[in-house]
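Chemist: Sequence:
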Amino acid sequence: MSAALPEVSGSYGQKPTLTFPDASPSAELEVVVLSRGDGALVEAGDDLEVHYLGQSWQGGVFDNSYDRGSSISFPIGVGAVIGGWDEGLVGQQVGSRVLLSIPSHLGYGDRGAPQAGIKGGDTLVFVVDIVGTSN
Numbered sequence: 001m002s003a004a005l006p007e008v009s010g011s012y013g014q015k016p017t018l019t020f021p022d023a024s025p026s027a028e029l030e031v032v033v034l035s036r037g038d039g040a041l042v043e044a045g046d047d048l049e050v051h052y053l054g055q056s057w058q059g060g061v062f063d064n065s066y067d068r069g070s071s072i073s074f075p076i077g078v079g080a081v082i083g084g085w086d087e088g089l090v091g092q093q094v095g096s097r098v099l100l101s102i103p104s105h106l107g108y109g110d111r112g113a114p115q116a117g118i119k120g121g122d123t124l125v126f127v128v129d130i131v132g133t134s135n
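Note that the sequence shown covers residues 1 to 135 in the UniProt record's numbering.
For the record, the hints were derived by calculation from the structure and aren't laboratory data.
Quick list of simulated restraints, FRET-style, between CB atoms: (1) 79 <-> 21: 28 to 36 angstroms; (2) 23 <-> 45: 34 to 42 angstroms; (3) 45 <-> 7: 29 to 37 angstroms; (4) 11 <-> 79: 29 to 37 angstroms; (5) 109 <-> 58: 13 to 21 angstroms; (6) 117 <-> 70: 19 to 27 angstroms; (7) 58 <-> 135: 36 to 44 angstroms; (8) 40 <-> 114: 34 to 42 angstroms; (9) 32 <-> 58: 13 to 21 angstroms; (10) 13 <-> 109: 25 to 33 angstroms; (11) 35 <-> 120: 28 to 36 angstroms; (12) 68 <-> 3: 25 to 33 angstroms; (13) 134 <-> 19: 28 to 36 angstroms.
Only a predicted model underlies this, so the values are computations on that prediction, with no experimental measurement involved.
Glycine included, every Cβ here is placed at the ideal spot set by N, Cα and C.
Make the full structure from the sequences, and use the hints.
Modeler: The structure is reproduced here in structure tokens:
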């Protein structure tokens, strides 16, 4: 049986809305490709450009790039971002929308990120639209 995961509304490029199940999150990284793109594969060491929405499990949205109207770029697969992003996004295709459910040990751990409203031990859920890569 697969882990209970939030339902995602909206399509690639649109700000998503998450509906959480009445269940506890998985203790493992869960990666679901909601829609597969046809672009290049994301490789470790690439600069990855994404739009994203991040929300704590059963909590509020703590960050999203859609409202800002600009994507972000960062090196992927090299420890520059939380482990769940490095593990979950390398190997995906550009143009894909990916749901990540990230347990705290691959997120912000027991410290959390209080300035972002993330408590220690929080499971983080991201919807990530992979816009492009460069290397």
